[in-house]
Amino acid sequence: MSQDIIVDNLSKTFFVKDQTGTKEVNAVKSVSFQIETGTCVAFIGPNGAGKSTTIKMLTSILFPSGGSAQILGLNPWKERRQLMYRIGAVFGQRSQLWYHLPARCSFDLIASIYDIPDKEARIRTTDLIHRFDLKKLIDKPVRSLSLGERMRCEIVASLIHEPKVLFLDEPTIGLDVEAKGLIRELLSDQVRQNGTTILMTSHDTGDIEHLCQRVLMINHGRVILDTTVTEMKQKYLPHQEISIIYDDGSEQIIRISSDQSVNKTIRTLIGNKNIRNLTVANPPLEDIIRSLYKKDKVV
Amino acid sequence: MVAKSRHTTFRFWLRLYKTAFKQAIALKASFVLRILFMIANNLIMLVGWFAVFNTFKTINGWDFSDFMFMTGLVVTSFSIWSIFFRGAGIYMARLIEYGELDNYLLAPKNILLHTLCSRIDPAGLGDFLSGIILLTASGLVGFNNFGVLLFCIMVGATLFISLNIFLGSLNFYTADNTDLGERLFYSFLNLTSYPGCIYSGAVKLILLSLLPTGLISILPVEQMHKTDTLSLLWMLLVTLIVLGGSILFFYNGLKRYASGNKIGGKL
Numbered sequence: 001m002s003q004d005i006i007v008d009n010l011s012k013t014f015f016v017k018d019q020t021g022t023k024e025v026n027a028v029k030s031v032s033f034q035i036e037t038g039t040c041v042a043f044i045g046p047n048g049a050g051k052s053t054t055i056k057m058l059t060s061i062l063f064p065s066g067g068s069a070q071i072l073g074l075n076p077w078k079e080r081r082q083l084m085y086r087i088g089a090v091f092g093q094r095s096q097l098w099y100h101l102p103a104r105c106s107f108d109l110i111a112s113i114y115d116i117p118d119k120e121a122r123i124r125t126t127d128l129i130h131r132f133d134l135k136k137l138i139d140k141p142v143r144s145l146s147l148g149e150r151m152r153c154e155i156v157a158s159l160i161h162e163p164k165v166l167f168l169d170e171p172t173i174g175l176d177v178e179a180k181g182l183i184r185e186l187l188s189d190q191v192r193q194n195g196t197t198i199l200m201t202s203h204d205t206g207d208i209e210h211l212c213q214r215v216l217m218i219n220h221g222r223v224i225l226d227t228t229v230t231e232m233k234q235k236y237l238p239h240q241e242i243s244i245i246y247d248d249g250s251e252q253i254i255r256i257s258s259d260q261s262v263n264k265t266i267r268t269l270i271g272n273k274n275i276r277n278l279t280v281a282n283p284p285l286e287d288i289i290r291s292l293y294k295k296d297k298v299v
Numbered sequence: 300m301v302a303k304s305r306h307t308t309f310r311f312w313l314r315l316y317k318t319a320f321k322q323a324i325a326l327k328a329s330f331v332l333r334i335l336f337m338i339a340n341n342l343i344m345l346v347g348w349f350a351v352f353n354t355f356k357t358i359n360g361w362d363f364s365d366f367m368f369m370t371g372l373v374v375t376s377f378s379i380w381s382i383f384f385r386g387a388g389i390y391m392a393r394l395i396e397y398g399e400l401d402n403y404l405l406a407p408k409n410i411l412l413h414t415l416c417s418r419i420d421p422a423g424l425g426d427f428l429s430g431i432i433l434l435t436a437s438g439l440v441g442f443n444n445f446g447v448l449l450f451c452i453m454v455g456a457t458l459f460i461s462l463n464i465f466l467g468s469l470n471f472y473t474a475d476n477t478d479l480g481e482r483l484f485y486s487f488l489n490l491t492s493y494p495g496c497i498y499s500g501a502v503k504l505i506l507l508s509l510l511p512t513g514l515i516s517i518l519p520v521e522q523m524h525k526t527d528t529l530s531l532l533w534m535l536l537v538t539l540i541v542l543g544g545s546i547l548f549f550y551n552g553l554k555r556y557a558s559g560n561k562i563g564g565k566l
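Line by line, the protein sequences are chains A and B. By our numbering, the letter at position 227 of the first sequence is numbered 227, and the numbering carries on one by one without gaps. Each number in our numbering comes from the position in the second sequence (counting from 1) with 299 added on.
Rather than coming from a laboratory, the hints here were simulated on the basis of the structure. Wrong hints could be hidden among the right ones.
[What the hints assert, rightly or not] 25 Å max Cα-Cα, derived PhoX-like pairs, lysine-lysine: (1) B/K356 <-> B/K321; (2) A/K164 <-> A/K78; (3) A/K273 <-> A/K235; (4) A/K135 <-> B/K317; (5) B/K525 <-> A/K135; (6) B/K525 <-> A/K140; (7) B/K408 <-> A/K164; (8) A/K264 <-> A/K235; (9) A/K164 <-> A/K235; (10) A/K140 <-> B/K503; (11) B/K321 <-> A/K136; (12) A/K164 <-> A/K136; (13) B/K408 <-> B/K321; (14) B/K554 <-> B/K356; (15) A/K29 <-> A/K17; (16) A/K119 <-> B/K525; (17) A/K140 <-> B/K327; (18) A/K136 <-> B/K503; (19) A/K119 <-> B/K321.
On a predicted model such as this, the values are computed, not experimentally measured, just so you know.
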């Protein structure tokens, strides 16, 4: 399988002025990874880890201080225009829609930005409006849409030119449970039906579990973990929770660390008592990620 | 292939203007009021100068019709920037300051032109109308010098656009220069609101070269009375240097662009 994204020793240094003078801030330090065609990868890390800076470099918004990258075989900083025809980006905190106008006007303009003929643009937009269930929203001014509705429009706006690679920076930020679920479903369809490659940052573990096959974790500007979602859950389990309901109705819940034996713990707990129910539960993905942030350097 | 590319490019710019115009008139009452007040503002400004010229008849060889022509030219040139390239200036400065240039960097189009054309100011239509009224009322424009008038308007508009690209780009180099840029622009505009005939010697030389407001407020009036090829070439040369310099200043600054995390949209 071919690699859509190849990043090699990418780094970015900002010079920040404060009261004591100019300080050098290394936001990204020698980040390297590759992403195969048609995969959805979660790019996670705590606030200030360097996620957005990396994505902004890969989408040619920022010039790197060092290293190289290739997106679909193109250099983001030397072949910006060619690359932009083939990638899409959604920044959850930003809007590419015109605030006082209906989203349809922005879609028409975006089709022109990508030189899509009117007839073709109409077909693609109609299809996306149908898939993203925007028929009732498309003619309302963007300012009157809810955050979830606006985000669906933002994603449609980024898909009109049928990008091969999609960069999503916190696409579900601030959305309610229903809106999040809908967007995850739609993005999942996009990967399945069109083979789109997605690199996505998110603080929502639901996004990772529902959408992504692989996780790239970054902290202090370095990649600290590169693994599959399944492996992360198994290998980096910080603890497990054993819950026992005894025949006499009493309950016992105990948390054991990942290096303790489940079998031995259960035997010790039960002893000669009869049990009605026993469950061994893994912690939520959020706890796993939090423990990894604390450990920091795991690879 | 080239023809197709030109066609799609033309279609894009046309649609961009259409969208920017729709956005500008989305709030209709504000749109109409701004045009009306801009016309009133430009005409009111003339009242004081009418009184001055009524008393002195001529100032260093200029009469009221010369002043009307100069004001008409300044206002028309200003309106071209305002209607078609309002993205230069404060709008650009804010995009840079708040890291909102990202949307333009993500589009496969010329970043500078895309930014310049993304904003139009409805009040510019008021300026354009009052500019045309003043130019016509001055009585200085005829068939013989109509070409010179168009040339002078293009020079004036290019200088306004270039200056705004330069001032808007200041935020690439040091932070929080939006207000400074706005003040500097209005200082420049101030210099074009007095009759060009009051400047002489070293000041006039500076206004025709380093701070070229004289290319809008001094030389055009002279050219309408008596066309001089050398002066027109000088106007063209200085204008091209200022335009080229401002474009270089923008692209050099773009390499320093740091983006940002402000929550916002295309207002």
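Checked hints:
1. Note on B/K356 and B/K321: the hinted pairing is violated, with a Cα-Cα distance of about 46 Å set against a maximum of 25 Å.
2. Of the supplied pair hints, the one linking A/K164 and A/K78 holds, its CA atoms being roughly 19 Å apart against a limit of 25 Å.
3. Of the pairs offered as hints, the one joining A/K273 and A/K235 is violated, with about 32 Å between alpha carbons and a cut-off of 25 Å exceeded.
4. Simply put, A/K135 and B/K317 have alpha-carbon atoms about 23 Å apart, close enough for the 25 Å limit, and the pair holds.
5. For the given pair, B/K525 sits about 63 Å from A/K135 by alpha-carbon distance, which is inconsistent with the 25 Å threshold.
6. Taking the CA atoms of B/K525 and A/K140, the gap is near 56 Å; set against the 25 Å cutoff, the hint is violated.
7. Of the supplied pair hints, the one linking B/K408 and A/K164 holds, its CA atoms being roughly 19 Å apart against a limit of 25 Å.
8. The suggested pairing of A/K264 with A/K235 holds, with an alpha-carbon distance near 20 Å, which does not exceed 25 Å.
9. With a C-alpha separation of about 32 Å, the suggested pairing of A/K164 with A/K235 is violated against the 25 Å cut-off.
10. The straight-line distance between the Cα atoms of A/K140 and B/K503 is roughly 55 Å, outside the 25 Å bound, and the hint therefore fails.
11. Proposed proximity of B/K321 and A/K136 is supported: the alpha carbons are some 21 Å apart, at most 25 Å.
12. This hinted pair does not check out: A/K164 and A/K136 have alpha carbons roughly 28 Å apart, beyond 25 Å.
13. Between the alpha carbons of B/K408 and B/K321 the distance comes to roughly 21 Å, so the proposed pair stays at or under 25 Å and holds.
14. Among the hinted pairs, B/K554 with B/K356 is inconsistent with the structure: their alpha-carbon atoms are about 54 Å apart, more than 25 Å.
15. About 20 Å separates the Cα atoms of A/K29 and A/K17, which keeps this hinted pair within 25 Å; it holds.
16. A hinted pair counts as satisfied when its Cα atoms are at most 25 Å apart, and A/K119 with B/K525 does not qualify at roughly 54 Å.
17. A C-alpha spacing of about 17 Å is found between A/K140 and B/K327, which places the hinted pair at or below 25 Å, so the restraint holds.
18. Distance restraint check for A/K136 and B/K503: the Cα-Cα separation of roughly 62 Å exceeds the 25 Å cut-off, and the hinted pair is therefore not satisfied.
19. Proposed proximity of A/K119 and B/K321 is supported: the alpha carbons are some 22 Å apart, at most 25 Å.
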